[in-house]
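Using the sequences plus the hints, can you model the full thing?
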Amino acid sequence: MTSNTVSESYAHRLATNRLGLWLFLLSDAFMFGGLFITRVYLWGDTRPELNQTLGLIVTSMLLISSFFMNRAETAMAHGDRKGFLRGTLVTIVLGIAFLAGVIGVEWQIAPFGVSEDAYGAVFFMMTGMHAFHVLTGVIFLLIVWNNARRGRYSVEKHWAVEAAAVYWHFVDVVWIFFYPALYLIGKVG
Amino acid sequence: MSKKTNFLSLGLVRGVFAMLVGMPLGMGLVTLIRLAVGLPAWNAEPAWVVGGLVGAVAFMIGVGSLSDWFKLAAGGELPEHPAGAVNGWARYFNFTLDHKVIGVQYGVLSLLMFSIAGLFALIFRTELVQTGLQYLNADEFNTLISLHGIVMIMAILLGVAAMSNYLTPLMIGANDMAFPRLNSFAFWINVPSGIFLLSSLFLGGFDTGWTGYPPLSVRAPLGIQMFFLGVYLFGLSSILGALNIIVTVVRLRAPGMTFFRMPIFVWSAFATALISATATQLIALSFQMVMFQRLFGMGFFDPARGGNVLLFQHLFWFYSHPAVYVFVLTGLGTISELLPVFVRKPLFGYRWVAVSSLGIALIGFFVWAHHMFTSGMSEFLRVPFMYSTLLVAVPTGVKFFSWVATMWRGKMSFETPMLFVLGAISIFLVGGLSGPPNAVVATDLHLHDTYFIVGHFHATMFGGFVFPFMAAVYFWFPKVTGRMFNERLGKLHFWLMFPAFFVQSFGQMFIGLFGMRRRIADYDPALGFEQPNWLITIAGMVIALSVLIFFINLVYSTKRGPVAVANPWRSRSPEWLLPSPIPEHNYPQPLEIVGEPYDYGLVGSVFVRIPSTAVIEEPVK
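Which chain is which? The protein sequence lines are A and B, in order.
Numbering follows the numbering used here, in which position 92 of the first sequence is assigned residue number 92; successive positions increment by one, without gaps.
Numbering follows the numbering used here, in which position 47 of the second sequence is assigned residue number 1047; successive positions increment by one, without gaps.
Please note that the accuracy of each hint is not assured.
[To be verified] Reference listing, derived: stretches of chain A covered by chain B, where coverage requires no fewer than 3 residues with Cβ under 8 Å from a Cβ of chain B:
id : stretch
1  : 32-39
2  : 147-157
[What the hints assert, rightly or not] Derived lysine-lysine pairs resembling DSS-like cross-links, with alpha carbons at most 30 Å apart:
id : chain 1 : residue 1 : chain 2 : residue 2
3  : A       : Lys82     : B       : Lys1071
4  : A       : Lys157    : A       : Lys82
5  : B       : Lys1071   : A       : Lys157
6  : B       : Lys1411   : B       : Lys1491
7  : B       : Lys1491   : B       : Lys1559
[To be verified] Partner residues are not named here, just some residues of chain B that face chain A (Cβ under 7 Å, in silico):
id : residue
8  : Gly1075
9  : Leu1078
10 : Thr1278
Since the hints were made in silico from the structure, they are not lab data.
Owing to the predicted nature of the structure, the values given are computational and were not obtained by experimental measurement.
Note that CB positions come from ideal geometry on N, CA and C, so glycine has one too.
This is the structure in C-alpha cells:
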C-alpha cells in the first residue's frame, strides 16, 4: 500500500521484512533439500559408521540452543535486556560447542577421508554446509548481541533480533533432518 | 546536481580496482593456508577459486554495495529514502537504490552480454561453414560454444531482471522495490560474475558445453572453475532479485489493486520469481559439488568410489529446465501486456492467462528428466516425465489462444513494438510445436543431441524472450529516455531479424533431423551439410547486422531522438500517467485503481488514476 504514511510505518515494514526472510529460508531449504536427496541417491539404505555418542551430544546441544534462543527473543519482546543478553550468550556458546563437536572432533575421528568414497563426500558436504550456516548464525547473533548491549533495540523495534532467532531455528530444523539422515537411517554399510 | 564527476568516483571503477586488490589477497590467503598445513604452496585451482571469491567480495565493497549493511551491523540507522547522492549519467555506474536506474543497468549489461555471446556464436558458426577445421582448434571451438551458451543465459537472466525491475513497481503503483539495497546488490554481483565467465577464456577455457556434465567437467581445464564461480554469482543475483520481486508484488500493491487487477506482466514476473527463488539453488549445488570434487577430491560423481554422474544431471536439470520458463514466462507476459495496446481490445481471458503463468511455473518443476531420456536413468521414469512435459503445452496453449482471440477483429496497428510482438508469437509457435517431438520418448531417442534440439531451443528463446525483449525495449524506450526511437530503423531491424531467424532455426532443425550432431567442431562432408550450414551462418550474420542497427538506433535516439509525447501508444498502464523519464520517487500520490486493466476500446473506462491529477480514459471514437 503506497500511501506514504502506511508504507513507512514500522509495522508494514516489519511484515515486509518477515516475508523476505521466510522466502530466503524457503530458497535455502531447497539447497538443503538437494543435499538430502544427494544422500538418499548415493547412500540409499546404508549409512557410514559414525560415533553415535558424539552425534547425540552435538544434536542435543543444538536443540537446547534453540530453547535459549527462544527465551532470549521472548525476553527482548518483554523489555528484559539482561535476559536477552544472557539467553543469546548461552545460544552462542552452544552453537560454538556444536561447531567444535562436528568440525573439531567428528571430522577428525570419522573413519573415512574427504576423498575416500561417497560416504566421505556426502558426509563432509552435508555437515560442512550445515556448519557454515551455524557459523553465519553465530556471527549474526554476535552482531545482534553487541547491538543489544549498546541498547539499539526496543520492545517495539527489534527486527534484527527476530531475524537472527528465526534464522537460528531454521538452521536447527535443518539439523533435525540431517542428524537421522547421517546417523540413524539405514544399515551400517 | 552533484559535483563534477571524476572517473575514480564511479562505483564501477572503484569496484574493479578493489577486485584487482582482492584477488591476489585471496590467492595469498590460500597459499598461506597451504603452507600452514604442509601442502605445496602453489596450486592454481584453489588459488583462483578463493582469489575469485575474495575478489568478488572486494568488488562489492568497492562499489559501495555493502557499506549500508556494515553500518547497520555496527548499530547504525538507515534512512528509508536517502537523498540521491549522484545525478546524471554517473548514477548508472554507481550503487543506487532507484529501481528504474537498476532496471536500466540490468538492461545495458544484458545487451552487452548478448553482444559478446552473439560474437562467440558468429566465430564458431563461421568455422562450421566448411568441413575440416579452418581457424579454430577443437578446444577453442568447445570453449566458444560453452561460453556462447552460458553468457547468453546470463544475458537473458539480466534482461528478465531488467524488465521486472523497471516495470513491476511502476505497474503496481509502488515507489520502489521492497528491498532497494538488496536490489542493487543483486545487480552489481553480476559484474564480477561476467568477468569470471569471460576470464575462463584465458584460463584454458572449458570444453563441457554450458551444462558442465561430469565426468568431463571434472577433467576440464581450470577455466571451468571460473565458469562455476560466474554461474554461482549470477545465480545468487537471480535468487535475491526474485525474492525481491515476490515481496514487492505481495506487499507493495497500490490500494485497490487486487491480484486479478494487476497488469499481466506482473503476473508473469511473479511466476518467474517463484521459480528463480527456489530452483536456482540446485544448479548452484550441482556445480559446487563438481567444484569440490576437483578441489578436495570428493567422489560425488566418481563411480569407482560409489558416486554417480546421473545425480549431477538430476540436480542440474531441476533448475536448468525451469530456467527456460524463467526466460519465456517474462517474454510471454510481455506479449500479453503489449498485444491489447496495439489491438485496442481487451486481453482475452485475462484470468486464465494470469493463472497459466503460475501453471507453467508449477509444472516446470516436474519435467526435468526429459533431458535425460538417453542418459541411462531408470527406464520407468521416462513415461511419467514424458507426460508431465507434454502437460506444459496446456497452459502455454491457453496463452496462444488468448493472443489469437485478442487479435480477432482488433484494430491492429503495426508500429515496431507490435511487429516484434507478432514476430515473437509466430516464432514461439514454431518453438512450441517443435517441442513435443523432444518430449515424446520414442522421437527424442532419435533427436537427442542433434541440431534439431538446437533449432527448437533457439526458436523458443527467440520467440519466448529475444523478440518480446526487443518489443519491450522499443515500447518503453520513450518512457525510459523521454525520447522517441527512429521508427524506420526499428522496422529495418525487424525485417532483417525476423526472416533471418527463420532461415537459421529451420536450417538447424533440418540438418538435425538428418543427423547433424550438436556441439561438434567438424562433420563428415559426405553428409552434405555444408550448404545448409553456410546458410545458417549467413542468417546468423544478418541477425548480428540487425542487432547492430538496433544499437545504433538506441544510442542515436537517446541523444537526438524527438521528444516523446506523454503516452505514445495510448497504453492504460499506470506508468504512462507519469512524466518521461520518470522522477526518482515514482508516484507523488498513491494510485487509485478504479477499473479493469485491459478494457481497451470500452468507451469511458478507466483503469487507474492519480487523484486530482492524471487519468487515462478510453476515448469516444
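Structure-based check of all given hints:
Counting residues of the stretch 32-39 of chain A whose beta carbon lies closer than 8 Å to any beta carbon of chain B gives 4, which meets the minimum of three for the stated coverage. Check result for the stretch 147-157 of chain A against chain B: holds, 3 residues qualifying (beta carbon to beta carbon below 8 Å, three or more required). In summary, the hint linking lysine 82 (chain A) to lysine 1071 (chain B) is supported, as the alpha carbons are separated by about 24 Å, within the 30 Å threshold. For the hint pairing lysine 157 (chain A) with lysine 82 (chain A), the CA-to-CA distance comes to about 17 Å; that is within 30 Å, so the pair holds.
Between lysine 1071 (chain B) and lysine 157 (chain A), the direct Cα distance comes to roughly 17 Å. Compliance with the 30 Å bound is thereby established for this hinted pair. Only pairs whose Cα atoms come within 30 Å are accepted, and lysine 1411 (chain B) paired with lysine 1491 (chain B) is accepted, the gap being roughly 20 Å. For the proposed pair lysine 1491 (chain B) and lysine 1559 (chain B), the alpha carbon gap of about 20 Å is at most 30 Å, so the pair holds. Given hint, glycine 1075 (chain B) at the interface with chain A, holds; its Cβ is 5 Å from that chain's nearest Cβ, closer than 7 Å.
For leucine 1078 (chain B), the interface hint is violated, since its Cβ never comes within 7 Å of a Cβ in chain A; the closest pair sits about 11 Å apart. Contact between threonine 1278 (chain B) and chain A, as hinted, is supported at the beta carbon level, the nearest pair being about 5 Å apart and thus within 7 Å.
Taken one by one, the earlier hints fail for this structure only at number 9.
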